[in-house]
Each structure stands twice: as structure tokens, then as C-alpha cells.
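Q: So the sequence lines, in the order shown, correspond to chains X and A. FYI, the UniProt record's numbering numbers position 198 of the first sequence as 198, with every residue one higher than the one before it. FYI, the UniProt record's numbering numbers position 228 of the second sequence as 228, with every residue one higher than the one before it.
Simulated from the structure, these hints should not be mistaken for laboratory data. The reader is advised that the hints may include incorrect statements.
Unchecked claim - Take a look, some chain A residues computed to stay more than 12 Å from chain X by CB distance: (1) Phe62; (2) Asp69; (3) Ser72; (4) Arg75; (5) Asp147; (6) Gln149; (7) Val154; (8) Phe163; (9) Ala170; (10) Arg208; (11) Trp209; (12) Leu239; (13) Thr273.
Stated by the list, open to error - Within a straight-line C-alpha distance of at most 16 Å, the following computed EDC-like cross-link-like pairs (lysine to aspartate or glutamate) qualify: (14) X:Lys176 - A:Glu22; (15) X:Lys102 - A:Glu281; (16) A:Lys277 - X:Asp105.
All of these numbers come straight from a predicted model, not from anything done at the bench. Idealized CB from N, CA, C, for every residue including glycine.
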Amino acid sequence: MAEPPLRPRRRFRQPSVIPGFGLTFGYTLTCLGVIVLLPLAALVARASGLGLSGIWDVATDPRVASALRVSFGVSLLAALTASVFGFLVAWVLTRYRFPGQKIVDAVVDLPFALPTAVAGIALASLYAPNGLVGEQLAKIGIEAAYTPVGIYIAMVFIGLPFAVRTVQPLIVEIDKEIEEASATLGAGRWHTLVRVVLPPLIPAVLTGFALAFARGVGEYGSIIFIAGNLPYVSEIAPLLIVIKLSEFDYGGACAIATIMLGISFVTLLAINLIQAWSRRRFGYV
Amino acid sequence: MSSAVAIRPPARPDRAESVVTEGRAVRWGLTGIAILFLALFLVLPLVTVFIQAFAKGWSAYFAAFQEADARSAIRLTLLVAAIAVPFNLVFGVSAAWAIAKFEFRGKNLLVTLIDLPFSVSPVVSGLIYVLVFGSQGLIGPWLIENDIQVIFAVPGIVLATIFVTFPFIARQLIPLMQEQGTAEEEAALTLGASGWHAFRTVTLPNIRWGLLYSVLLCNARAMGEFGAVSVVSGHIRGLTNTLPLHVEILYNEYNFVASFAVASLLAGLALVTLVIKSLLEWRYSADIAAGARRH
Numbered sequence: 001m002a003e004p005p006l007r008p009r010r011r012f013r014q015p016s017v018i019p020g021f022g023l024t025f026g027y028t029l030t031c032l033g034v035i036v037l038l039p040l041a042a043l044v045a046r047a048s049g050l051g052l053s054g055i056w057d058v059a060t061d062p063r064v065a066s067a068l069r070v071s072f073g074v075s076l077l078a079a080l081t082a083s084v085f086g087f088l089v090a091w092v093l094t095r096y097r098f099p100g101q102k103i104v105d106a107v108v109d110l111p112f113a114l115p116t117a118v119a120g121i122a123l124a125s126l127y128a129p130n131g132l133v134g135e136q137l138a139k140i141g142i143e144a145a146y147t148p149v150g151i152y153i154a155m156v157f158i159g160l161p162f163a164v165r166t167v168q169p170l171i172v173e174i175d176k177e178i179e180e181a182s183a184t185l186g187a188g189r190w191h192t193l194v195r196v197v198l199p200p201l202i203p204a205v206l207t208g209f210a211l212a213f214a215r216g217v218g219e220y221g222s223i224i225f226i227a228g229n230l231p232y233v234s235e236i237a238p239l240l241i242v243i244k245l246s247e248f249d250y251g252g253a254c255a256i257a258t259i260m261l262g263i264s265f266v267t268l269l270a271i272n273l274i275q276a277w278s279r280r281r282f283g284y285v
Numbered sequence: 001m002s003s004a005v006a007i008r009p010p011a012r013p014d015r016a017e018s019v020v021t022e023g024r025a026v027r028w029g030l031t032g033i034a035i036l037f038l039a040l041f042l043v044l045p046l047v048t049v050f051i052q053a054f055a056k057g058w059s060a061y062f063a064a065f066q067e068a069d070a071r072s073a074i075r076l077t078l079l080v081a082a083i084a085v086p087f088n089l090v091f092g093v094s095a096a097w098a099i100a101k102f103e104f105r106g107k108n109l110l111v112t113l114i115d116l117p118f119s120v121s122p123v124v125s126g127l128i129y130v131l132v133f134g135s136q137g138l139i140g141p142w143l144i145e146n147d148i149q150v151i152f153a154v155p156g157i158v159l160a161t162i163f164v165t166f167p168f169i170a171r172q173l174i175p176l177m178q179e180q181g182t183a184e185e186e187a188a189l190t191l192g193a194s195g196w197h198a199f200r201t202v203t204l205p206n207i208r209w210g211l212l213y214s215v216l217l218c219n220a221r222a223m224g225e226f227g228a229v230s231v232v233s234g235h236i237r238g239l240t241n242t243l244p245l246h247v248e249i250l251y252n253e254y255n256f257v258a259s260f261a262v263a264s265l266l267a268g269l270a271l272v273t274l275v276i277k278s279l280l281e282w283r284y285s286a287d288i289a290a291g292a293r294r295h
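Chain A on its own, in the form it takes in the complex:
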């Protein structure tokens, strides 16, 4: 109401923008290089998996899954993920509740320690469990006496998988819940809700998309982990072979079609994960990552 000067739109908007961007040719050139680079380095390997898997036709592709070893590898991978992901889900929610809803000393140290598995090489992740549970390990002799096998058996695979996926859910939830603060929970508690009731009806709906997002990524890593699992598994066919390990065995036997066929299952899982992840990001980005303002 105060200004008498009408703000006119710039006569040539493209011209007005041109001081803060590069010339058209440079823009297209850089975009071209970036896309070409991604296509060559990232997309081509993915496409190769499917090309190789179907190199000898559908029947050869499906024959790879008729094998008993392949089926048991699928079962084991599903089993391991079915234990590791819920474990890390409970841990992640619990850690995020303690860290985000309360102020206490040493919090930064705790967050750093939770992050630790991200910076440990997968092979070292497997090694440390061998050092604890292996026959020469810390409690190895005791385990042998009591006839409990952890290394070269399913428990070791589960433990190593839990380790490499340990920070996934906690890392996603901590900043998200920190940003949401405690006001809503405090209101619920003041109105007479129990702690558990407040968590279920107030906190959980607030974090559900972030939770789903992190469970998805955690699951992809749990099913695809190779290095850590390879160290503790012992590669016993039909018993301690997960899908990624089965891929390796078939490949080293020069059974390429079967190897890529099994690999295509995992690649398919990765693709589905990426698609759902992107959809969640596009739709609920504010509810997934902290930083964007809520409400």
C-alpha cells in the first residue's frame, strides 16, 4: 500500500537470471558430463547384472533358483534380516528417545560411539566377532565346552549384520526427534497419558516416515552385507551361505549366469529400495530428515 512504484516483471527473465548462472552451452555441457559419468559408473554396472543374468534365457535364469543351495541362501538372508532389522529398530528408537528427549552429560560421546560401526571396515567388523567368539577368541573355549557355535554359524552372521547396520535407524531418528522437541509429549503427559501411551499416540505418528525410511535402508544393507558376513560365515553351502556369499561362490565357480541371476535378486531389492526411498523423500522430506521445519 505504501509503494507507488509498481514492480514490473523483468522484461527478459532469462536475461535477468543469467548473472547467477553459467552460459547455456556450459550448462548443457556440464549436465552432459555429469549424466554420462553417472551412466558409465553407476547405471551400467546395474544394467550389466540383468544382462548377464538373462544371457542364456529365462530357463537358465530360473534354473539358478531351483537349486537347494540357492533356496537355503534366500531363507538364511531373510532370517538374518528378520532378526537384525527389528533388533536395530528397537535399539534405534530407544537410543533416539534417550538422546533426543533428555539432556544429559556425555551425549555427544554416546552419539559418536553409536556411529562407530560406520567407520569400521566390513572385514574388521567380522574380525572383531571372531576375536570374541572364535575358537581362539575371548570366550571361545567356554563356548566350545558348552557346545555353542557362534562363528561359522548363524548367530555369528546375525551379530555381524547387526553390527554393520547398528547406526542406521538411530542416526536417522536422533536428529528428527531432537528437532521435534518434547512439547507435544509433555502436553500428552500433562493431560494424563502414560509414558507408553504418549509414545504410541504422539511420538510414533510424528516419526513414522523417518522410521520407515531408515528401516528400509537398514534392511537393504542387512540383506546385502558381504564383507563382515563373509569373515564369520565359513561359507558352508546350504548352511551358512547368505545370498551375497552365494553370489560369490557361484562366480568363483565360473557359473556366471547363476551368479548374476542370484545377484539380480539383490539388485532388484536395491532398486525397490531406491524407488521407495525416493518416493518417501519427495513426499515426506520434512518428516524424514531434520533440518526442514515442521508444522
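So here's chain X without its partners, still in its complex pose:
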């Protein structure tokens, strides 16, 4: 008698001879739940207690609105700058040969490695009116420290490695034969760069831009020293969370945090969409 045919059953896990799935998977979920999900859920719970109208009330408070505008506006500009110079740095590092190249390449990661508070006080002392760079800028009429310009400088600092490191591996992989073909067919170098080399790199540039932007919006340590933190002028949203917390205004802090989380999720979503589009359009991320 034939056995009943085995139904293809959708299993949670493919069978494997390797042991330890239950242990490692369970431990991973437990850590994730306790360290990440539970505390984040506490924020969501708090924020939903406020309701949309409660969050809206906080967001439209003039001081909060101004801080959000400063954080998002300046971060946008800084991410743009970081993307342009990040692309240049990535291009120079992958396409040209020059002495000390490996050291220059290592230097790019400095903002990842340097604690933000250290970067913060260093930038503040450099760009202060009597600082090394601040003095020169003052001569041409630019006040950097204690203005949004200072925030911009700190955000460029913190965002640059994201811009470089997302584009760099793709420039390495460009097939030079395409450029040769373009040149053989009579295109000038500039024409080749703009019409042949650059288009496939756009998704990576956009991803780097989004990462630098998200990092800039959330950044705290490297900004507060150089920003001067004047309400309505150079106060950033993360600082306002800290201020609300020190006043025991948990609701206000949660509302701002929720808005910021919302924006960073939208940014993440945008990155995923860019990458999905890139996979369809160019066949890689």
C-alpha cells in the first residue's frame, strides 16, 4: 500500500543537521525584545497616549517647530554637501593613485571612530570667533560658532563617511570597458562621466545622502558645543528632548522623539525603495 503523498508543508524552518537553532534563535529574540523592542514600545505607547492631536500640539509649539526646522533644514543642506564632497573623495580614492592614499582612505572613517563629544568640543574651539578657522571666517563676515552655520559644519563632519562609503564600492566595480566603448564611440571624457558613469551610481549617492541626512537629524554630541543652542536660532530637536526631559515633561519629549523616529523610518523606507528601484533598473543595489 502506498503511503499518502507527502504534502508540501510550509515550515517555519528548513531542516538542517546543524544544531543550536533553538538556543541561538531564542537568545537572539530575547535580547532583541528586552534591549530594543520593549523600550521602543514604551515610547510608542507613551506617544499613542498623547494622540495625534497631542503630538501636533507639541510640534506646532513655536520653539519646537523652530528646532525641528533647524534640525531637518540644516541636515538636508549638510547631507547635500557631504554627498558632493563624498562622491569626489570616493572617486579620487578609487580612480587615482597618489602617495599616502591608504592613509587618506583611513582618515575618512575618523568621524565614525571619534567620540561625538570630542568632535564637538574640537569643532567648537576651531570655529569660535577666536579659534583657528573661526577667526579667518569672521574676517570675511561669516559667524560659524553659535549659529546654524556651526550646526551645518558639525553635520557635514558626521555625515561624510556615510556618503563616501556607500559610493566607493560601486565605483570600484564599474566596468571600464563601458567607458572605453563610450570613448571609442566619440564621447568626450566629461560626456562619458555624465551620461555613462554617473547614472548607475545615482542610487548609491541617494542612499549615502539619506544615511547622512538621518544621522544629521539625530546627531547630538558633536553639535551642541558649536551650536550655542539659542532657542529659535540654533537649537536642535535632540537638544529639546533633553531639555524637556530635564523639566520632567515626558510627554513633550516623547512627542518630539516620535516625530524624529517617524522621519527616520520614512528615510529608511526611502532608502529601501531606492535600492529596490536600483535592483530593477541596474540589477544591483
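Knowing the structure of chain X, use the given hints to seat chain A on it.
A: Relative to the frame of chain X, chain A by itself:
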């Protein structure tokens, strides 16, 4: 053997290459701009730390570390890293084992969730722990009843540090172990090794450089974290002040030399981290990051 035509090297190799690169002047110009930009924006701040730290000479520099508060800040920072890094090491290896060696549903979601702390602002990372453990928090009243302090105390600092460094090791190991596949472990198991034995003698040697690399970066972030720790610490001198927080306090007291002296310790740590990281990348790049082919 088939071709009769000898392939001659191009007469002028530099000329042959010139169609896929820019002119010499443009090359040097762009390189110059890039290096100048990096020097101004990245290197100058780092140099400033050391210049300011030694502005009043060696004795003023070392005086900053004679202070009891500075010493306790150093001790606390080392303690926090000594708890947070091993915790994330065990978590990272465990997560990578579950995700890389097995196929199960919802894997992508799990990886995304592990990544979550990267996209949360440091200040918000601190805030969420205040919402759970603070006096007005979810379990705050229970903690007060039982006389357990988490916020404005060391446990809160450790938790916030674990949160911000949570994805570091897992993120590095998952793609690396995925690429290495399961064949070697399966061979070891077939030959009679226990699971633990296979992990220790087969998996661990394969991932050691990637592991070291990610522990290094995790440690740098753990010791340098400022925003999240600042929210949960309460800034109690000598008790809940880590090195970055001590830097802030000294700076806000206009004690610049001491502030930069303490900051120079952290900058030194960053430099050492960068150097070892670069050495590992140059020597073992294939064993650190997935993508490069192994064997």
C-alpha cells in the same frame, strides 16, 4: 598556442589609459580638493584636540588625570565597555549563527529589527530607557519600591550603551557567516564533532578577523557614546560620569585644558582603533567583509 599574432604592449601605456581617466591637471586638481577638504573638515578637529590639550604644557595635561573625578570617569567607562562589549559579542555571534546557518521565515524582518538602533537618534535611545525604568516609567514605581536604581545610575548607562552598540557585531558577522555557508560545519558534524566543538574549531577560526574587527568598532562606540548615556546618567560627578560626559562638564566649566586632556584620551582611542582597523582591512579584507571570495 592558437594565436599567431603576438600581443604587443601598447607603445605608450599612459596614452592608452587616458580614455578612461581624466586629464592629468584635472586628476591632480580633484585629488587636491579632496585632500584639502578632508584635512580641513576631519583632520584639523583631531589635531586641535591635542593642541588644546597641551596648550599649557605637560604638567597641566597630566594634572587633568590627577583629579579623582577624572579617574572615576575612566574607571566607569572601562566598566561599561567591559559589560556592553561582551554582551553584544555573545548576542552578535548567537544572532549570526541563527540567521546565517539556518533558513527560516521572517529572517529579513529579524535582521531589520537588529539594525533598528542604528537609525535611532542617540538622545531617543536614552529617552526610551527613561520611559521604562525612570521614576515615571513603566516599571519605575516597582523599581522604587524594591530600591533598585537604573536611571541616573550605572545599570542605565550600561543598558543605553548596549542599545547603541547592539547591531555592531551581529551586522558584521551575519553576511560573513552567510557567505561561508554551512558545508564546513556539516562536514565536522558528520565526522562526529559535537555542535559546540564544530563551532569552536571550524566556525570560530573562519570568522576570527571579522569578529575582532567588529569588537574593535563596538568598543570604540561603547567608550565614546555621549548622547544616549548623557540622557540616562544624571551627570553625578564621581558616580555616573563616563569619560565623554566628563569632557562635557569640564568644557562647560571653561576648564578647557583639562577638558581637551580627557578628550585626548578618547581621541587616542579613536586613532588606535582606526590604525588597527585599517591594518586588519589591508591584511584580512576577505576575512572581514563578505563579498570578497573566500578560499
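Q: Evaluate each hint against the coordinates.
A: Results for each hint:
1. Separation of phenylalanine 62 of chain A from chain X is adequate, the least Cβ-Cβ distance of about 19 Å exceeding the 12 Å criterion.
2. Even its closest Cβ contact with chain X, about 16 Å, leaves aspartate 69 of chain A beyond 12 Å, as expected for a residue assigned away from the interface.
3. Once the 12 Å rule is applied to beta carbons, serine 72 of chain A is consistent with being away from chain X; the minimum gap is 17 Å.
4. Against the 12 Å criterion, arginine 75 of chain A stays outside the reach of chain X, whose nearest CB is about 17 Å from its own CB.
5. Non-interface status of aspartate 147 of chain A relative to chain X is upheld: no Cβ of that chain comes within 12 Å, the nearest being about 21 Å off.
6. Listed as outside the interface, glutamine 149 of chain A is consistent with that label: its C-beta sits roughly 17 Å from the nearest C-beta of chain X, beyond the 12 Å cut-off.
7. Annotated as non-interface, valine 154 of chain A keeps its C-beta farther than 12 Å from every C-beta of chain X; the closest such distance is 16 Å.
8. Against chain X, the non-interface label of phenylalanine 163 of chain A is violated: not every CB pair exceeds 12 Å, the least being about 6 Å.
9. With a minimum CB-CB distance of about 8 Å to chain X, alanine 170 of chain A fails to clear the 12 Å threshold, and the non-interface call is violated.
10. The claim that arginine 208 of chain A lies off the interface holds: its Cβ sits roughly 19 Å from the closest Cβ of chain X, which is beyond the 12 Å cut-off.
11. Here tryptophan 209 of chain A stays apart from chain X, with its beta-carbon at least about 17 Å from theirs, past the 12 Å limit.
12. Listed as a non-interface residue, leucine 239 of chain A keeps its Cβ farther than 12 Å from every Cβ of chain X; the least gap is roughly 18 Å.
13. The Cβ of threonine 273 of chain A sits about 5 Å from the closest Cβ of chain X, inside the 12 Å cut-off, so the non-interface label is violated.
14. For the given pair, lysine 176 of chain X sits about 13 Å from glutamate 22 of chain A by alpha-carbon distance, which is consistent with the 16 Å threshold.
15. The hinted pair formed by lysine 102 of chain X and glutamate 281 of chain A meets the criterion: a straight-line CA distance of about 11 Å does not exceed 16 Å.
16. A C-alpha spacing of about 12 Å is found between lysine 277 of chain A and aspartate 105 of chain X, which places the hinted pair at or below 16 Å, so the restraint holds.
The earlier numbered hints that this structure contradicts are 8, 9, 13.
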